[in-house]
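Undergrad: Chains Y and Z, in that order, give the protein sequences. Residue 1 is where the first sequence starts when you use the numbering used here, and the numbers rise one by one after that. Residue 249 is where the second sequence starts when you use the numbering used here, and the numbers rise one by one after that.
Be a bit skeptical, because a hint or two may be false.
[Claimed, not checked] Cut-off 27 Å, straight-line C-alpha distance, at most; resulting in silico cross-link-like pairs (BS3-like, lysine-lysine):
| # | chain 1 | residue 1 | chain 2 | residue 2 |
| --- | --- | --- | --- | --- |
| 1 | Y | K45 | Z | K348 |
| 2 | Y | K137 | Z | K348 |
| 3 | Y | K163 | Z | K348 |
I should point out that these hints are in silico values taken from the structure, not numbers from a laboratory.
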Amino acid sequence: MAVNTDKNSYTILFAIAMVLVVGSLLAFTAASLKPRITENERMEKQQNILYAMGVNENEGTSREFISTDKVAGEFSKYIKKQLIVDANGGSKEDTEAYLIDVKKEQAKAKNGETRRLPLFIGEKDGKTFYIAPIRGKGLWDAIWAYVALDKQMVVQGVFFDHKGETPGLGANINQRFFMDDFTGERLLDDNGTFKGIAVAKGNNDPKNLIKDDYEVDALAGATITGDGVSAMIKSDLKLYLPYFKNLK
Amino acid sequence: MGLLSKKDAKLITDPLADNNPITIQVLGICSALAITAELKASLVMGIAVMFVLGIGNVVISLMRNIIPSKIRIIVQLIVVAALVIIVDQVLKAFQYELSKTLAVFVGLIITNCIIMGRFEAFALANGPWKSFLDGIGNALGYAVILLIVGFFRELLGSGTLFGVPVLGDPIELTGVYKYGYENNGFMLMPPMALIVVGLIIWVQRSRNKALIED
């Protein structure tokens, strides 16, 4: 049953059939798995937010989130309020603010629409944490973070993550040895001006003992990812400044 | 080997050394540069490629008599891309943590020239079982080189293996760092992967003169 596979008509038919089969296969897979994937992403967001405020299962130098079966309960226990902040420092409550897609909000701001800024207020051991989600660009793709601040905008904890940074280099922004350096760093100077935190090369302070230099030590071989982290802190966290000014 | 005939076994063992996809066929170099800064990534990439190449080779081999030769490259590309995306989606739904580790490799697998190379050179001309063995063999050969390169880059560049510090702590100055040893940050840069691969090729060819071309 030799088919003449060189004929144009056969080639076109084959191409059409192939597209139909593969296309429907992919569509079917994507559609049937969508609910589970969305659920996973929702739990991950909760884990990340809790991680930033110190609710995690870290031991030694390991990085462990609160487990997925406990996360929903812990989230409602520790996160007291979810707000949507605007550029003038006003805010309103929204119990699903953590589902806001920061990427979409950034796109909105680009088109001249108002950007909603989610902010989560958590309480743990009598301390209040203000956790803001931010997003920026690394070397290959998106990077994002959840930054837990206190009233003075001093960093209490961070969680960084990335979509596709180079393993072993830029991808290490989600490792403890990088993230822990941010704790205690200040965003504002004594006059209340926003300075940001720069990821700086030069090995000035490898143990990161100096907490008021607005700098943390960079990762070797990940200059552009590090620059992306500095830029994202500068551009996105700054938007929350009016809100924090109103707090005082 | 009782399970495999001599000829079949050769399909697995050949790519490990004398017909290695990286050092002899010089395929898949790009991903070898990109992800070998640490051993764990090398291992994950090796396994992922083995999976895709094994199944992809079988699929292409089954279709080899009906693929129109004019568009065969596109057909091969679609098969790889579809396979990788399906695997990625399934992992996202059932093994979310693992899928996050793999995310960056998805694009790298689709563009990995070993896969297209083996489809084109082997699966299009051979039966499914042979193609499967060829896929596994080549993926193993690829993984071996990745692991060797990853071992040296992580050890000399970061002083760790699989993320575990083996040379002491560079900041607290314990272990070998006490004597003035320093990590070579240059090892973390992609060019050093190329140099390490070059050294492997050199060692391999000086041990087996038959591999040297005129």
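Undergrad: Now look at each hint and say whether the structure bears it out.
TA: For each hint, the structure was consulted:
| no. | hint | verdict |
| --- | --- | --- |
| 1 | Y:K45 / Z:K348 | holds, 13 Å |
| 2 | Y:K137 / Z:K348 | holds, 18 Å |
| 3 | Y:K163 / Z:K348 | holds, 8 Å |
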